[in-house]
Amino acid sequence: MTTKPEGTRPRGATFSIAIRSATEVVQAMVGSRMAWALPLAFVLLLLAGVLGVLALFPALSPFVYPLL
Amino acid sequence: MNVLGISAMERDATAALIRDGRVIASAAEERFTRQRHDPNFPHYAVEFCLDAAGLKAHELDAIVFYQEPHVRFTRVLSTSLAALDPPSFVRSMKAWLGEKLWARGVISRRLDVHPDKISYVPHHLSLAAQAFASSPFEEAAVLVVGGEGEWDCAALCSGYRGGGLKLDTHEILPYPHSLGLVLSAFSELLGFQRGSVRDALDLAAYGSPRFADEIARVIQPQEDGTYRIDTSWLRMEAFLESGGSPLTPRFLEAFGPIRDARAPAVADRDALTDGEQRYADIAASLQHVLEETLLKLCRRLHDRTGARNLCVTGEVMDNPRAVARLLADSPFERVFVPADPGEGGAAIGAALLRDAESAPTTQGERRPDPYLGRAYDEARDAAMIEHLQIGSWATFRKEGCEDVEDAAITVERFEDFETLARRTAEELEAGRIVGWLQGRFESGSQGLGNRALLTDPRSEAARSRLRERVTTRALLHPSALAIAEEAAAEVLEGEAPWQWPLRWGQATARVRPEAVERVKAAVHVDGTTLPQVCAAEDNPRFHSLLTAFGERTGLAALLSETFSEANYPMVSSPADALLIFARTDLDTLVINNILVKKVSK
Chain A
1 MTTKPEGTRP RGATFSIAIR SATEVVQAMV GSRMAWALPL AFVLLLLAGV
51 LGVLALFPAL SPFVYPLL
Chain B
1001 MNVLGISAME RDATAALIRD GRVIASAAEE RFTRQRHDPN FPHYAVEFCL
1051 DAAGLKAHEL DAIVFYQEPH VRFTRVLSTS LAALDPPSFV RSMKAWLGEK
1101 LWARGVISRR LDVHPDKISY VPHHLSLAAQ AFASSPFEEA AVLVVGGEGE
1151 WDCAALCSGY RGGGLKLDTH EILPYPHSLG LVLSAFSELL GFQRGSVRDA
1201 LDLAAYGSPR FADEIARVIQ PQEDGTYRID TSWLRMEAFL ESGGSPLTPR
1251 FLEAFGPIRD ARAPAVADRD ALTDGEQRYA DIAASLQHVL EETLLKLCRR
1301 LHDRTGARNL CVTGEVMDNP RAVARLLADS PFERVFVPAD PGEGGAAIGA
1351 ALLRDAESAP TTQGERRPDP YLGRAYDEAR DAAMIEHLQI GSWATFRKEG
1401 CEDVEDAAIT VERFEDFETL ARRTAEELEA GRIVGWLQGR FESGSQGLGN
1451 RALLTDPRSE AARSRLRERV TTRALLHPSA LAIAEEAAAE VLEGEAPWQW
1501 PLRWGQATAR VRPEAVERVK AAVHVDGTTL PQVCAAEDNP RFHSLLTAFG
1551 ERTGLAALLS ETFSEANYPM VSSPADALLI FARTDLDTLV INNILVKKVS
1601 K
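Listed in order, the protein sequences are those of chains A and B. Position one of the first sequence corresponds to residue 1 (the working numbering), numbered consecutively onward. Position one of the second sequence corresponds to residue 1001 (the working numbering), numbered consecutively onward.
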């Protein structure tokens, strides 16, 4: 297995980036006094996550991409 | 330290590379994709910036995005919910949850860089940093007036360089109080695209501000010097991804139906029909209210900071008449506008700020000039020009342009630039339209001597031909006057030292009555022009050309327009320029040291 140069994107970074971005959204909503909308944001983020994972499967991606 | 700044996903996607406080390169994606205001990830612009610095993406020390997408998302969510419009909500959420929210992921994936290197800078700070860092000032007040950032629509800041680049934010005017969005809405009413505010406000010169009171009901001035937007006039959700018009029935009832954009363009006030006059009056009123609002913000900022210098930025400040008003009436002694005050400039600012954070002694390069884009290789130009075959052009000539069947082209190469300048001046004096492409292309929307279409400023016929047969741009839009610094006082009211906005085509200036005849093609209907007062150190080659023209005609000034066709971005490469040369009635094209000319057989 070849080693990627330092500073490049590590393998499996997608999940950690998604978690980090979702955390930032929650913090921003609390900071913007929009904590009341967190359940909605949670559902939306979950939906985006599920669709994102489904889009990784070639057999499903033609049906999922129009939704993204 | 090498920092890459990126602005993308909204409008004018741009990349900029900063090395130890110096701007190495910056370019908008539209220059490479030829799609005006291209908002997509700036793949080609990043590639150019990395090439210019001799780097691979993984060798970058930091990558910075020009806004905080997660904060902006909260505002978009709030606006979408408030609209109570399910289709609008779904479209917005699709755009945001599909890509915009995941800027870190997109950048990391597209450039194959470690996500820990990627950070975000608040939108107003990105803009303010570029304006202040590129200014010549040690200390300055900074006014940011844009469309919409995260929650900010305008910001009152100050900057100072004591031991490093420092910015303080004194006040934020939050969403929905956005002058940029109101201007976009009026732009649509005036028959222009929503993003073409500057074009729409060109109508202002033809009208009088008789609707100022009505517009002040939309942009409501406050006693403290700020303003409020009465959002009941507009559908704010229309500014999200939902599409549709932001104009409510109430708005249309007060200001009339949307102007027919196909209405004939006018060049003088007498040609206006009653219907067109009404729209010109609305534009003049909007311009008046905008100027008054900006002046009040400036006074408030001056009271807060006590600064003598002012930097203004944000897309609203891409308004030469408003900048001229600030030069004349604001309490500040000197005013500076960066080369690209819009979203593109934010990429530079974000990178400068990130660089300054890591190296506290870095002050940011004082670089007011716009020449940050790609330069092209002359050997390649020459090879391309050798392959020109005028006989094959007939199939793709622009409608209304002259037949080229009986024409031929001549090519001249010059070792000595001064000889080329004299030869080009000769072409201009003969009334020919010259396309001028030299060195690196400009940041921002204006061609300022490296990508310019030039004619003799005494010849209104040449200007009409330029507009009708080359750019296809309506005559109502003003032309710029490029003038050598030594000759500027002969033509423009005022005196040296010329303020920065007058040197870079960012503010209008009145033409001296006795000089009008000598530059009449570049004088707008209101007696002003858009000057580019060019000093030798600003752009030596362009200054030489102006001087050579002055030696022939007695005035070192040229009518200058951005080298582009209407609705297309400024040309970038010699190939783009050659396409316009082939399609239109552009007579002569100068690419670096090569002069190409159409001649009759």
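No lab work stands behind these hints, which were simulated from the structure alone. Incorrect hints may appear among the rest.
What the hints assert, rightly or not - Below, computed lysine to any residue pairings styled on SDA-like, alpha-carbon distance capped at 20 Å:
#, chain 1, residue 1, chain 2, residue 2
1, B, 1100, A, 32
2, B, 1597, B, 1582
3, B, 1094, A, 44
4, A, 4, B, 1106
5, B, 1296, B, 1402
6, B, 1100, A, 14
7, B, 1520, A, 41
8, B, 1100, A, 3
9, B, 1601, B, 1406
10, B, 1094, B, 1010
11, B, 1520, B, 1494
12, B, 1520, B, 1550
13, A, 4, B, 1115
14, B, 1598, B, 1387
15, B, 1094, A, 4
16, B, 1598, B, 1402
All figures in this text were calculated on a predicted structure; none of them were measured in a lab.
The hints, checked one at a time:
1. With a C-alpha separation of about 19 Å, the suggested pair residue 1100 of chain B and residue 32 of chain A falls inside the 20 Å cut-off, and the hint holds.
2. Distance hint between residue 1597 of chain B and residue 1582 of chain B is fulfilled; the C-alpha atoms sit about 11 Å from each other, no more than 20 Å.
3. A C-alpha spacing of about 10 Å is found between residue 1094 of chain B and residue 44 of chain A, which places the hinted pair at or below 20 Å, so the restraint holds.
4. Between residue 4 of chain A and residue 1106 of chain B the CA atoms are separated by roughly 19 Å; this keeps the pair inside 20 Å, and the hint holds.
5. Restraint check for residue 1296 of chain B and residue 1402 of chain B: not satisfied, since their Cα atoms lie roughly 51 Å apart, outside the 20 Å limit.
6. Restraint check: the Cα-Cα separation between residue 1100 of chain B and residue 14 of chain A comes to about 15 Å, which is no more than 20 Å; the hinted pair holds.
7. A threshold of 20 Å between alpha carbons decides the hint, and for residue 1520 of chain B with residue 41 of chain A the separation of about 59 Å lies outside it, so the pair is violated.
8. Restraint check for residue 1100 of chain B and residue 3 of chain A: not satisfied, since their Cα atoms lie roughly 31 Å apart, outside the 20 Å limit.
9. Between residue 1601 of chain B and residue 1406 of chain B the alpha-carbon distance is near 6 Å, which keeps this suggested pair within the 20 Å criterion.
10. The suggested pairing of residue 1094 of chain B with residue 1010 of chain B holds, with an alpha-carbon distance near 14 Å, which does not exceed 20 Å.
11. With a CA separation close to 18 Å, the supplied pair residue 1520 of chain B and residue 1494 of chain B stays within the 20 Å bound.
12. In summary, the hint linking residue 1520 of chain B to residue 1550 of chain B is supported, as the alpha carbons are separated by about 16 Å, within the 20 Å threshold.
13. Between residue 4 of chain A and residue 1115 of chain B the alpha-carbon distance is near 14 Å, which keeps this suggested pair within the 20 Å criterion.
14. A threshold of 20 Å between alpha carbons decides the hint, and for residue 1598 of chain B with residue 1387 of chain B the separation of about 15 Å falls inside it, so the pair holds.
15. Distance restraint check for residue 1094 of chain B and residue 4 of chain A: the Cα-Cα separation of roughly 33 Å exceeds the 20 Å cut-off, and the hinted pair is therefore not satisfied.
16. Note on residue 1598 of chain B and residue 1402 of chain B: the hinted pairing holds, with a Cα-Cα distance of about 11 Å set against a maximum of 20 Å.
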